[in-house]
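J.: One-letter residues, chain by chain:
Number of protein chains: 2
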Amino acid sequence: MPEFRFELMAVDGAARRGRLHTAWGVIDTPTFMPVGTAATVKAMTFEMVRQTGAQIVLGNTYHLMLRPGAERIARLGGLRRFMGWDGPILTDSGGFQVMSLAARRKLDEKGVVFSSHIDGSRHELTPERSIEIQHLLDATITMQLDECIRLPSERHETERAMELSLRWAERSKQAFQPRQGYGLFGIVQGGTDLELRARSAKGLAAIGFDGYAVGGLAVGEPQALMFETLEGTCPHLPTTHPRYLMGVGKPADMAGAVLRGIDMFDCVMPTRSGRTAQAFTKRGPLNMRNARHADDPRPLDPEADCPATRDYSRAYLHHLVKSEEILGATLLSWNNVWYYQEVMRGLRQAIEDGRSQQFVADMLASEAAGDIPPLPIQKDAR
Amino acid sequence: MPEFRFELMAVDGAARRGRLHTAWGVIDTPTFMPVGTAATVKAMTFEMVRQTGAQIVLGNTYHLMLRPGAERIARLGGLRRFMGWDGPILTDSGGFQVMSLAARRKLDEKGVVFSSHIDGSRHELTPERSIEIQHLLDATITMQLDECIRLPSERHETERAMELSLRWAERSKQAFQPRQGYGLFGIVQGGTDLELRARSAKGLAAIGFDGYAVGGLAVGEPQALMFETLEGTCPHLPTTHPRYLMGVGKPADMAGAVLRGIDMFDCVMPTRSGRTAQAFTKRGPLNMRNARHADDPRPLDPEADCPATRDYSRAYLHHLVKSEEILGATLLSWNNVWYYQEVMRGLRQAIEDGRSQQFVADMLASEAAGDIPPLPIQKDAR
Numbered sequence: 305m306p307e308f309r310f311e312l313m314a315v316d317g318a319a320r321r322g323r324l325h326t327a328w329g330v331i332d333t334p335t336f337m338p339v340g341t342a343a344t345v346k347a348m349t350f351e352m353v354r355q356t357g358a359q360i361v362l363g364n365t366y367h368l369m370l371r372p373g374a375e376r377i378a379r380l381g382g383l384r385r386f387m388g389w390d391g392p393i394l395t396d397s398g399g400f401q402v403m404s405l406a407a408r409r410k411l412d413e414k415g416v417v418f419s420s421h422i423d424g425s426r427h428e429l430t431p432e433r434s435i436e437i438q439h440l441l442d443a444t445i446t447m448q449l450d451e452c453i454r455l456p457s458e459r460h461e462t463e464r465a466m467e468l469s470l471r472w473a474e475r476s477k478q479a480f481q482p483r484q485g486y487g488l489f490g491i492v493q494g495g496t497d498l499e500l501r502a503r504s505a506k507g508l509a510a511i512g513f514d515g516y517a518v519g520g521l522a523v524g525e526p527q528a529l530m531f532e533t534l535e536g537t538c539p540h541l542p543t544t545h546p547r548y549l550m551g552v553g554k555p556a557d558m559a560g561a562v563l564r565g566i567d568m569f570d571c572v573m574p575t576r577s578g579r580t581a582q583a584f585t586k587r588g589p590l591n592m593r594n595a596r597h598a599d600d601p602r603p604l605d606p607e608a609d610c611p612a613t614r615d616y617s618r619a620y621l622h623h624l625v626k627s628e629e630i631l632g633a634t635l636l637s638w639n640n641v642w643y644y645q646e647v648m649r650g651l652r653q654a655i656e657d658g659r660s661q662q663f664v665a666d667m668l669a670s671e672a673a674g675d676i677p678p679l680p681i682q683k684d685a686r
Numbered sequence: 305m306p307e308f309r310f311e312l313m314a315v316d317g318a319a320r321r322g323r324l325h326t327a328w329g330v331i332d333t334p335t336f337m338p339v340g341t342a343a344t345v346k347a348m349t350f351e352m353v354r355q356t357g358a359q360i361v362l363g364n365t366y367h368l369m370l371r372p373g374a375e376r377i378a379r380l381g382g383l384r385r386f387m388g389w390d391g392p393i394l395t396d397s398g399g400f401q402v403m404s405l406a407a408r409r410k411l412d413e414k415g416v417v418f419s420s421h422i423d424g425s426r427h428e429l430t431p432e433r434s435i436e437i438q439h440l441l442d443a444t445i446t447m448q449l450d451e452c453i454r455l456p457s458e459r460h461e462t463e464r465a466m467e468l469s470l471r472w473a474e475r476s477k478q479a480f481q482p483r484q485g486y487g488l489f490g491i492v493q494g495g496t497d498l499e500l501r502a503r504s505a506k507g508l509a510a511i512g513f514d515g516y517a518v519g520g521l522a523v524g525e526p527q528a529l530m531f532e533t534l535e536g537t538c539p540h541l542p543t544t545h546p547r548y549l550m551g552v553g554k555p556a557d558m559a560g561a562v563l564r565g566i567d568m569f570d571c572v573m574p575t576r577s578g579r580t581a582q583a584f585t586k587r588g589p590l591n592m593r594n595a596r597h598a599d600d601p602r603p604l605d606p607e608a609d610c611p612a613t614r615d616y617s618r619a620y621l622h623h624l625v626k627s628e629e630i631l632g633a634t635l636l637s638w639n640n641v642w643y644y645q646e647v648m649r650g651l652r653q654a655i656e657d658g659r660s661q662q663f664v665a666d667m668l669a670s671e672a673a674g675d676i677p678p679l680p681i682q683k684d685a686r
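In order, the protein sequences belong to chains A and B.
In the working numbering, each residue's number is its place in the first sequence (first place is 1) plus 304.
In the working numbering, each residue's number is its place in the second sequence (first place is 1) plus 304.
Please note that a few of the clues may not be correct.
For identical chains, the list gives no copy identity; a pair is met inside one copy or between any two copies.
[Said to hold, decoys possible] DSBU-like mimics (lysine-lysine), calculated; alpha carbons at most 30 Å apart, straight line: (1) K410 / K626; (2) K477 / K586; (3) K346 / K626; (4) K554 / K506; (5) K586 / K554; (6) K554 / K414; (7) K506 / K410; (8) K506 / K414; (9) K346 / K414; (10) K506 / K346; (11) K626 / K506.
Just so you know, these hints were derived from the structure itself, not from any lab.
One chain only, chain A, in its complex shape (with noise of 0.2 Å):
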């Protein structure tokens, strides 16, 4: 079994193309996670997830614990076998769901109370229980309970949660049961105070994890101010390990943090877009609800070499969005991983090549620049 280790291949300013070796498998960094809540990457198969280049998949422990439970999945040889994944898997703290998602939260030193949004029922989730949890489920890697609060906030009340999401990371540390190519990431909090996120990095550090994550962003801050607060926290986490942007993002946020040192990405967006119509393009995302897509026998693009995006008409994905069909969110949803995927690898192939910002600056572009105009609409066929 390989020792967790991460290996640092090629920098490019302070863009980092790397490999992290894990038990169950190597991930290529800069890497993007499908997020896999439920036991499911929504609406695909996982030999769709795979055939889209996907190293790594996620899981939710908050959902999991829930339904069908971690005891449960223990018993079932665990959340890789449970799912039919071959890769590695990171699992949340489920910290961040209890809250946006349960309810009656009561949140104190030693963890969080709280009612499952399902049946009502009261759980527990402590730093040493969601460790517990994570270990059940046999994450590859596993995430730290902390404290994400909303943004903007009173900095002594950022500061407050921050010190928590230290003891606690400590608390997680103790509690964490090292395996042989198993990991425990710990979480850089402090909201957009620079000072504060170097103190939690330093803090961190001095614990000691197997990667660093960045939480408490993408909660709806604009995109600069992302920016700068990876750019006042990067430089204070090792180079050595690597790090982790959670919950983001959109395709040129990813790019952007990046170019800051990010190496690990997750986010529903891709699958959650996928169900809502909106396919994500070279030439910017699309609303396949458009009537405009409606005669259109031209796949999303001819060159890409995932099924969903060469081999259907754009007509076709259209009406399987109006007749809600779901073929349509499977198809979507396919072709969005795969694109995230594809930007992952024009990224790390950048890095390599010294070309980062220039690949970044072209993919923002093309972007931008939008879809392809459509076709002159033929007469009837009557």
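Using the hints, position chain B against chain A.
T.: Relative to chain A, chain B alone:
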């Protein structure tokens, strides 16, 4: 381009093993045709459909004429190309669904005028227009327009509808443009009145079609009555042409119909059931919502060659269904269509081997014996 031609390879009692040659591929009979109502076999990709062994799929004229429109599909290269299915397709005439789905219907000698269930728009369907629409869809097998009445009905009403269907059969034949490798099927009506069925069958044979369907069954009547009607109908149909029992059914219905001389079937049951947690298996139908599956690591059938049937635990399928995840509908639909094809494969082999009666008896016994016993529930890992 091959001729449209039915090759009768073996008979075993009334059961027939054949091959239907068409412009777009060969169909081994007995065959089950998955239903692709709105240009998609619901919740499945066509790659999955193909993997089950399906050789032909069905499209619904009523749905497609309303959305996205037959002329539009024609401009886009026909239904096969539109939806990305490389085999032959059969389209129904639209008549049955006008009767079951449309609002404000008015039927007379000329045809039927109705309102769309989608937007209330008025449409007309005549025998000629139905044939034209199916031509625009580029259906490999076109069905005549018929009038399908409820069971039971008064004899004079059944006779009136049967006679009208015969006159519409004649008009459909006139309207159909013969093309090499393409075929037109007539539809036998007459309710459960064997004298009317015989007159209908003979009338159609006198007009001359490329295949003969039995319509007006599978509308809620007992299985025994359906079988009796088939026994009174099939002997009046040419042995040289394929016979298609429309809208049937459960595996046991299909198997019994094959023993009575039917070659082709279609039904929404495998896909509709797949979206409502039902799994068809050789041990009978299973309700995957049932808590007995929650901890069961076993697949639906470890010996199956369908990934959905073989590679996922019952526990995972149960979880997906309970969580209302799209993948649950996909995997169960895939399993169900595969099982239907497996029944057809078994029937074909059994007819060749002269043991079709025994095969059906064994199949019914296996389905009736019920599911494997549950595993003893393990103790909680904690």
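J.: Please sort K346 with K626 into within, between, both or neither, judging by C-alpha distance up to 30 Å.
T.: Both. Shortest intra-copy (19 Å) and inter-copy (14 Å) distances satisfy the 30 Å Cα cut-off.
J.: When Cα atoms must be at most 30 Å apart, do K506 and K410 count as within-copy, between-copy, both, or neither?
T.: Cα proximity of K506 and K410: one copy only (29 Å, versus 78 Å across).
J.: Go through the copies and call it for K506 and K346: within, between, both or neither, with a Cα cutoff of 30 Å.
T.: neither (37 Å within a copy, 53 Å between copies)
J.: Quick one: K506 to K414, C-alpha cut-off 30 Å, is that within a copy, between copies, both, or neither?
T.: Within. Shortest intra-copy distance 23 Å satisfies the 30 Å Cα cut-off; inter-copy 83 Å does not.
J.: Please sort K410 with K626 into within, between, both or neither, judging by C-alpha distance up to 30 Å.
T.: For K410 and K626, only the inter-copy Cα distance (28 Å) is at most 30 Å; the intra-copy one is 43 Å.
J.: Check K626 against K506 for me: Cα-Cα at most 30 Å, and say if that holds within a copy, between copies, both or neither.
T.: Neither way: K626 and K506 sit 51 Å apart in one copy and 44 Å across, limit 30 Å.
J.: Given identical chains, is K554 near K414, meaning Cα to Cα at most 30 Å, within a copy, between copies, both, or neither?
T.: Answer is neither; intra-copy 35 Å and inter-copy 57 Å both fail.
J.: One pair to classify: K586 and K554, alpha carbons no more than 30 Å apart. Within, between, both, or neither?
T.: within (12 Å within a copy, 47 Å between copies)
J.: Given identical chains, is K477 near K586, meaning Cα to Cα at most 30 Å, within a copy, between copies, both, or neither?
T.: neither (41 Å within a copy, 50 Å between copies)
J.: I want to check one pair: K554 and K506. Are their C-alpha atoms no more than 30 Å apart within a copy, between two copies, both, or neither?
T.: Within one copy only: 28 Å inside a chain, 65 Å across chains, cut-off 30 Å.
J.: Between K346 and K414, at a C-alpha cutoff of 30 Å, which is it: within one copy, between copies, both, or neither?
T.: neither (33 Å within a copy, 48 Å between copies)
In terms of the numbered hints stated before, the structure departs from hints 2, 6, 9, 10, 11, listed from lowest to highest.
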